[in-house]
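2 protein chains.
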Amino acid sequence: MDYIKKYIEDNKERFFEELFGLIRIPSISSLSEHKADMVKCAEYWKESILKAGADKAEVMPTDGNPVVYGEKIIDPSLPTVIVYAHYDVMPVDPIDKWHTKPFEPVIKDGKIWARGADDDKGQGFMHAKAFELMVKTNTLPCNVKFMIEGEEEIGSPSLGKWCKEHKDLLKGDIILVSDTSMIAADVPSITTGLRGLSYWEVEVTGPDHDLHSGLFGGAVANPINVLCDMIAQMQDKDSKITVPGFYDDVLEVSAEERKLLAKKPFNEEEYKKAINVKALKGEKGYTTPERTGIRPSFDVCGIWGGYTGEGAKTVLPSKAYAKISTRLVPNQDNVKISKLFKEYFESIAPDYVKVVVTPLHGGQGYVCPIDFPAYKAAEKAYEHVYGKQPIPVRSGGSIPIISTFEEVLGIKSVLMGFGLEADAIHSPNENYPVENFLKGIETIPMFYKHFAELSNKTA
Amino acid sequence: MDYIKKYIEDNKERFFEELFGLIRIPSISSLSEHKADMVKCAEYWKESILKAGADKAEVMPTDGNPVVYGEKIIDPSLPTVIVYAHYDVMPVDPIDKWHTKPFEPVIKDGKIWARGADDDKGQGFMHAKAFELMVKTNTLPCNVKFMIEGEEEIGSPSLGKWCKEHKDLLKGDIILVSDTSMIAADVPSITTGLRGLSYWEVEVTGPDHDLHSGLFGGAVANPINVLCDMIAQMQDKDSKITVPGFYDDVLEVSAEERKLLAKKPFNEEEYKKAINVKALKGEKGYTTPERTGIRPSFDVCGIWGGYTGEGAKTVLPSKAYAKISTRLVPNQDNVKISKLFKEYFESIAPDYVKVVVTPLHGGQGYVCPIDFPAYKAAEKAYEHVYGKQPIPVRSGGSIPIISTFEEVLGIKSVLMGFGLEADAIHSPNENYPVENFLKGIETIPMFYKHFAELSNKTA
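So the protein sequences, as listed, match chains A and B. FYI, in the working numbering the residues of the first sequence are 523 to 981. FYI, in the working numbering the residues of the second sequence are 523 to 981.
If you're looking for bench data, these hints aren't it; they were derived computationally from the structure. These numbers come from a predicted model, not from an experiment. Beta carbons: idealized from backbone N, C-alpha and C, even for Gly. Just to be clear, a hint being listed does not mean it is correct.
To be verified - With a straight-line Cα cutoff of 20 Å, these simulated EDC-like cross-link-like pairs (lysine to aspartate or glutamate) come out:
hint, chain 1, residue 1, chain 2, residue 2
1, B, K795, A, D873
2, B, K527, B, E905
3, A, K557, B, E832
4, B, K800, A, E725
5, B, K557, A, E868
6, A, K806, B, D873
7, A, K803, B, E868
8, B, K803, A, D730
9, A, K619, B, E725
10, A, K876, B, E792
11, A, K800, B, E790
12, B, K794, A, D730
13, B, K876, A, E725
14, A, K861, A, E723
15, A, K795, B, D873
16, B, K619, A, D730
17, B, K800, A, E593
18, A, K759, B, D758
19, B, K781, B, E832
20, B, K762, A, D873
21, B, K806, A, D873
22, A, K961, A, E535
23, A, K876, B, E725
24, B, K876, B, D893
25, A, K759, B, E791
26, B, K795, A, E832
27, B, K803, A, D751
28, B, K800, A, D730
29, B, K759, A, E791
30, A, K800, B, D873
31, B, K876, A, E723
32, B, K759, A, E905
33, A, K803, B, D873
34, B, K803, A, E723
35, A, K800, B, E792
36, A, K781, A, E812
Unchecked claim - Here are the simulated distance ranges between beta carbons:
hint, chain 1, residue 1, chain 2, residue 2, range
37, B, Q755, A, S554, 34 to 42 Å
38, A, A801, B, L782, 49 to 57 Å
39, B, P583, A, K762, 58 to 66 Å
40, B, F894, A, D758, 26 to 34 Å
Next comes chain A alone, as it looks inside the complex (with noise of 0.2 Å):
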């Protein structure tokens, strides 16, 4: 396959120029201030799957931010493989931690820094250029769908409604997608697993206007007091969730499983070392490995309250709010979880105060069977480039949409991802080694050639 390598050796240097392209549009979802960035990127990604060699493509509208479709049917009765990205990006506060600008990528040290850099733009973006290097080098053994969401960092709120109005346009065999990392650079890795996700923000009130907290301190609820109270309780001493009925649906992962799952490499202390922390902390009676791959986890991913400015004002607020999410397994259901956290929320409030559960996302977790031609076409596909078989992870990380895509469209997705757990994704400073980018447009190719294979449908 030395055309693969010889195209990419050749093309490289505007692959990059064409992925900082992308990188440079800040479509962060979550912040409304870049509604007019969302459909400049969606517009972007449009242009490079035309140039790519795509029949066509269009920006179309959902309720939210608009999806891109593009496709190249070259014969009805090959397979289609339909490839999932997403062009929108997560906010970059703190902003005072990066080192870079994070929507002016540089390449240092072998790596890509910006915000997207990974997640998912450069993942993403390889299914681009490797769908240019199979149309131009005649090589596309199956037909190709793109479908490129912008609002995956906020929930995929309109994708599974857009997609049951699009089913006939849908219509596939297997969905392709890089949005998960692998083991370290030489260790291939596919994702089996994925969590599912509930979050909700919380608003406690105390008095109804802000008080001086040496009048009413000690005589009048802090509503900051009482939420870190109500959040201390959601966890016992052996980090449960106490919300009753939270793990009644967890499957329980046989020993055999855990002993098989266990084969991942993991070093406690280079874990430890790399986040620089002293000690672990999680639930009781699983390792770390298994309070992320197979167990739920609860975490306040924000909190505020009353003074933050410089200096010492004494305050006793009126508010206090915390966004708080779960990370679910596999059938859980984070309909029912939302539900169940509401209630228990709500229920342990005590009456000097007034508290309001927000539910803001969720999605449901999703497992991956490893004996199905799909996922032994991407095997094939990393032992080709990393000449090592993967191994499969069950990542505790959420890609909601992907169990919506299994009920809505009844396709699943094989989560071929080329992240390092050293990507920061999420975080100041995201970046994306080089070598992973273009190993990935490498392995790509492979994995349409074996795939069409499997499927019995080559032409």
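Please build the complex by placing chain B on the supplied structure of chain A, with the hints as guidance.
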């Protein structure tokens, strides 16, 4: 004393204009961007004292914001009243809760609306105008010294040292302060007790950078969750503060004195209605007035960490912060409490986080004896203007500098406050009734008169 009423009636429009000029300077001491305003405000006070009739006045440097000192010595054998006030104000956030602009004072519904309208520009300026009244009507019976500082709202960090350096300048018989409130517009009271204060900022660090809450959630301690746990541990179910040794120096108030304090009118239903809460919360075994008057309290004045913007961002943040304060009762030493808190808070930090506790400011409590000439003079002054004997009250607030005055200068203070609880000091929509402002100016000259008589120093 008709000349007093007449002078006020003839000049009140000018009094408002002059006060408004003072209020319009946004002298927020806790925000360094207002440094220039502090000097401007001090200059305004200096000019006001000179115009009112002082022999001299000057803006004197300190380690922080300047102090305005001015004096009129009519006869060294007469008693000397030192007027203390502060020209700095609290920050104005949350700014969106204000119905008017905080630094554009307006009179509406019989009240002056602005930051500082009461605390302490409105109350402080009454002394400038009462002084002017006595000078212009040739009725000043005492020597007067003004000491107006610009750091009260941040705990007066420089004034103690400045007092030590200017002991000779500050010789006097009583410190007169209007920076507290009275029970109601028709129920005069004198504050005889103030709570002390200790204030800290705490920083909790988990991982050294923000993490993806899916990939790491459940395996790595979240500093917000940990901070909430730690704050929850600071009080037990009876709302007692759990810091070991915290209550050691609290003087239990006798049953007899508690009976006396209970004479202050208090209506719990009205109190709850005024702040719109269904229930109150405080230390078990004490009434609401006791919880603020004779017992210490624990309040989180601010908390922040993680994602606090619009929408849902999933993140396992690196850091969480809180601003924490305790109000202390007389005999509790704030330096000792500050140390005890820091030690305890650090001791309960689990090994999966790092905790830094930074003391921000503190002050001692204060008690004023009620059998003492200045108290008696104040009592008579209120009686004359309000037709009622004022009630002695232990306030929950803190004016740390009051105990410093006693310690450094050996001079007691008398707290003739004319504010109301409804004045919303430290909060949005701070206000000060016009009537209280004018009655304050009417009452103060009577204090001077009676104080001169009772001091046995009358010329």
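Hints, verified against the model:
no.: 1; hint: B:K795 / A:D873; in the structure: holds, 14 Å
no.: 2; hint: B:K527 / B:E905; in the structure: holds, 16 Å
no.: 3; hint: A:K557 / B:E832; in the structure: holds, 14 Å
no.: 4; hint: B:K800 / A:E725; in the structure: holds, 17 Å
no.: 5; hint: B:K557 / A:E868; in the structure: violated, 45 Å
no.: 6; hint: A:K806 / B:D873; in the structure: holds, 16 Å
no.: 7; hint: A:K803 / B:E868; in the structure: holds, 18 Å
no.: 8; hint: B:K803 / A:D730; in the structure: holds, 15 Å
no.: 9; hint: A:K619 / B:E725; in the structure: holds, 17 Å
no.: 10; hint: A:K876 / B:E792; in the structure: holds, 19 Å
no.: 11; hint: A:K800 / B:E790; in the structure: violated, 49 Å
no.: 12; hint: B:K794 / A:D730; in the structure: holds, 10 Å
no.: 13; hint: B:K876 / A:E725; in the structure: violated, 28 Å
no.: 14; hint: A:K861 / A:E723; in the structure: holds, 13 Å
no.: 15; hint: A:K795 / B:D873; in the structure: holds, 14 Å
no.: 16; hint: B:K619 / A:D730; in the structure: holds, 11 Å
no.: 17; hint: B:K800 / A:E593; in the structure: violated, 61 Å
no.: 18; hint: A:K759 / B:D758; in the structure: holds, 17 Å
no.: 19; hint: B:K781 / B:E832; in the structure: violated, 51 Å
no.: 20; hint: B:K762 / A:D873; in the structure: holds, 19 Å
no.: 21; hint: B:K806 / A:D873; in the structure: holds, 16 Å
no.: 22; hint: A:K961 / A:E535; in the structure: holds, 15 Å
no.: 23; hint: A:K876 / B:E725; in the structure: violated, 28 Å
no.: 24; hint: B:K876 / B:D893; in the structure: violated, 52 Å
no.: 25; hint: A:K759 / B:E791; in the structure: violated, 39 Å
no.: 26; hint: B:K795 / A:E832; in the structure: violated, 32 Å
no.: 27; hint: B:K803 / A:D751; in the structure: holds, 14 Å
no.: 28; hint: B:K800 / A:D730; in the structure: holds, 11 Å
no.: 29; hint: B:K759 / A:E791; in the structure: violated, 39 Å
no.: 30; hint: A:K800 / B:D873; in the structure: holds, 6 Å
no.: 31; hint: B:K876 / A:E723; in the structure: violated, 27 Å
no.: 32; hint: B:K759 / A:E905; in the structure: violated, 60 Å
no.: 33; hint: A:K803 / B:D873; in the structure: holds, 9 Å
no.: 34; hint: B:K803 / A:E723; in the structure: violated, 25 Å
no.: 35; hint: A:K800 / B:E792; in the structure: violated, 52 Å
no.: 36; hint: A:K781 / A:E812; in the structure: holds, 11 Å
no.: 37; hint: B:Q755 / A:S554: 34 to 42 Å; in the structure: holds, 39 Å
no.: 38; hint: A:A801 / B:L782: 49 to 57 Å; in the structure: holds, 54 Å
no.: 39; hint: B:P583 / A:K762: 58 to 66 Å; in the structure: holds, 59 Å
no.: 40; hint: B:F894 / A:D758: 26 to 34 Å; in the structure: violated, 56 Å
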